[in-house]
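Undergrad: Position chain X relative to chain S; hints supplied.
Next come the chains, spelled out residue by residue.
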Amino acid sequence: MTQLPEKTERKLGLVIDLDTCVGCHACVISCKGWNSENYGAPLSDQDPYGGDPSGTFLNRIHSYEVQPEEGPAQLIHFPKSCLHCEDAPCVTVCPTGASYKRTEDGIVLVNETDCIGCGLCAWACPYGAREMDKAEGVMKKCTLCVDRIYNENLPEEDREPACVRTCPSNARHFGDLGDPDSAVSQLVAERGGMDLMPEQGTKPVNKYLPPRPKDQLNEEVDMLAPLLAPVAEEPKGFLGWLDKTLEKI
Amino acid sequence: MHPAPSIIAFSTFSGLGLGLLFWLGVASSAPTGWVAFAFFAIGYLLAVGGLVASTFHLGRPERALKAFTQWQTSWLSREAWCAVAALVTMGVYGLFLVFFDTQIRLLGAIGAFFCLMTVYTTSMIYAQLKTVPRWNTVLTSILFLALSVAGGALLSGRVAIGLVLLLIAGLIQLVWWQIGDKRFAKSGTDMKSATGLGTIGEVRAFEPPHTGTNYLLNEMVYTVARRHARKLRLISLFLMLLLPVVLLLLPFSHVGAVLALLSHVAGVLVSRWLFFAEAEHVVGLYYGMR
Numbered sequence: 000m001t002q003l004p005e006k007t008e009r010k011l012g013l014v015i016d017l018d019t020c021v022g023c024h025a026c027v028i029s030c031k032g033w034n035s036e037n038y039g040a041p042l043s044d045q046d047p048y049g050g051d052p053s054g055t056f057l058n059r060i061h062s063y064e065v066q067p068e069e070g071p072a073q074l075i076h077f078p079k080s081c082l083h084c085e086d087a088p089c090v091t092v093c094p095t096g097a098s099y100k101r102t103e104d105g106i107v108l109v110n111e112t113d114c115i116g117c118g119l120c121a122w123a124c125p126y127g128a129r130e131m132d133k134a135e136g137v138m139k140k141c142t143l144c145v146d147r148i149y150n151e152n153l154p155e156e157d158r159e160p161a162c163v164r165t166c167p168s169n170a171r172h173f174g175d176l177g178d179p180d181s182a183v184s185q186l187v188a189e190r191g192g193m194d195l196m197p198e199q200g201t202k203p204v205n206k207y208l209p210p211r212p213k214d215q216l217n218e219e220v221d222m223l224a225p226l227l228a229p230v231a232e233e234p235k236g237f238l239g240w241l242d243k244t245l246e247k248i
Numbered sequence: 000m001h002p003a004p005s006i007i008a009f010s011t012f013s014g015l016g017l018g019l020l021f022w023l024g025v026a027s028s029a030p031t032g033w034v035a036f037a038f039f040a041i042g043y044l045l046a047v048g049g050l051v052a053s054t055f056h057l058g059r060p061e062r063a064l065k066a067f068t069q070w071q072t073s074w075l076s077r078e079a080w081c082a083v084a085a086l087v088t089m090g091v092y093g094l095f096l097v098f099f100d101t102q103i104r105l106l107g108a109i110g111a112f113f114c115l116m117t118v119y120t121t122s123m124i125y126a127q128l129k130t131v132p133r134w135n136t137v138l139t140s141i142l143f144l145a146l147s148v149a150g151g152a153l154l155s156g157r158v159a160i161g162l163v164l165l166l167i168a169g170l171i172q173l174v175w176w177q178i179g180d181k182r183f184a185k186s187g188t189d190m191k192s193a194t195g196l197g198t199i200g201e202v203r204a205f206e207p208p209h210t211g212t213n214y215l216l217n218e219m220v221y222t223v224a225r226r227h228a229r230k231l232r233l234i235s236l237f238l239m240l241l242l243p244v245v246l247l248l249l250p251f252s253h254v255g256a257v258l259a260l261l262s263h264v265a266g267v268l269v270s271r272w273l274f275f276a277e278a279e280h281v282v283g284l285y286y287g288m289r
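In the order they appear, the protein sequences are chains S and X. Residue numbering for the first sequence is 0 to 248, as defined by numbering that gives the first Met the number 0. Residue numbering for the second sequence is 0 to 289, as defined by numbering that gives the first Met the number 0.
Misleading hints may appear alongside valid ones.
To be verified - Part of the chain X face toward chain S, derived, beta carbon under 8 Å:
1) Arg-59
2) Ala-63
3) Thr-68
4) Thr-72
5) Leu-75
6) Ser-76
7) Gln-177
8) Ala-193
9) Gly-195
10) Leu-196
11) Val-202
12) Pro-208
13) His-209
14) Leu-215
15) Ala-276
What the hints contain is simulated information worked out from the structure, not anything from laboratory work. Just so it is clear, CB atoms sit at the ideal spot from N, CA and C, and this is done for glycine as well.
For reference, chain S alone in the conformation it holds in the complex (with noise of 0.2 Å):
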């Protein structure tokens, strides 16, 4: 049913913190490789070892410099992934009710035996969070994970969508953000979490959590500091011994 509800019971998500993401995409092998062997089509690649290599990601890291009007221009890195929103309007353009959005939880899905592929819901979703699968002709998407985070047959603590539980800096947060005592929920709070492009309306459950305000260097440094000579000195001792005798061999 392409038809929005009011209103989900929960609203889960994903917080990202571009303060503590380092780029490594290890979230994006991650997903690739639960995607591609887990629910629905996999994640296919074409020419993956040729001259010109593509293939399908449900989520990728852009990275950003920003140039402040003062100090030194910041390196940001800026994973991307589907937003799971709740005006979401890759849903309501798919003609064939193969999108859809679920009222227990919020997790937008496409239901691939349904799908044409025509490729209008990528065409609506301002993020670029929906990718044609070549090789299978349907539409793919984040499915935050949903054959993991109900899963009883995984370990507790493997409950979460793959991204979050392989991010090593601890960068990619789960939780229902519809709760306003969640961690996640709290996080955003306490951090100023923001949406992308909140004037496309489509109210993106999925929050990103600004970069922390740089240290500033605020002591005054001598301008004649890089013509001092340098402190080090020449070692002493049993060190200063070796290093004459080192130096006549």
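TA: Relative to the frame of chain S, chain X by itself:
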């Protein structure tokens, strides 16, 4: 946006065919017998041919019938319904004209209404997309309807009204281009809002997520050949509007009328190519492109 030949052909030819069927539907004295057969055959070839072409870009064309289910929210689904309603109604109307020399005016009017609705729903597939600011205006629908009705008038041999409609369609096309060029800036979506990093400073794309290309870039960040857009606009306008008008103002000849029609269709094809090639999707911002 990637200008897929199947979509350009579909929207141009089905628009033209539905335009012709519209005029046959509202005609005060519609042709009958073999003449009617010829007109309806051309209309159906164009309209149905266009619709069939549109299924070529589907990843799973064998499931195309499922597209009829979501008419409550999806313009693509509504388009499917309107197309079937138009073709069935006009089919029955045409059947009576061809075989029984009988014109059922009401049926023709209903069919004509659905022909226009089909063109309108097609246009709404594009006009609804907030992600493509150039398309996201009511003018897109007006442009599609104007071109369809003008082309249909030419095809059905209505020279006088065809001339007027051509000029109107050309004017709308010009306004659509003028306004379209400013739509992206007006949408308020830029790299700052896309990344949310604008509060820190100027944002520049430093590294894309991958070394190769991907579906998003191929489909929605089509920047190739945009540099010839200005010239192509002039070519389109010349073929779609100026040449047909000159040819139609000359003393009437069948050759002239056919040339005018062919020129108009070629111009609309160029215009439709530009419609896609010039359209910028906001997702390009994440790649530092438009």
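Undergrad: Going through the numbered hints above, which ones does this structure break? Give me the numbers in ascending order.
TA: Checked against the structure, the hints that fail are numbers 7, 15, while the rest are satisfied.
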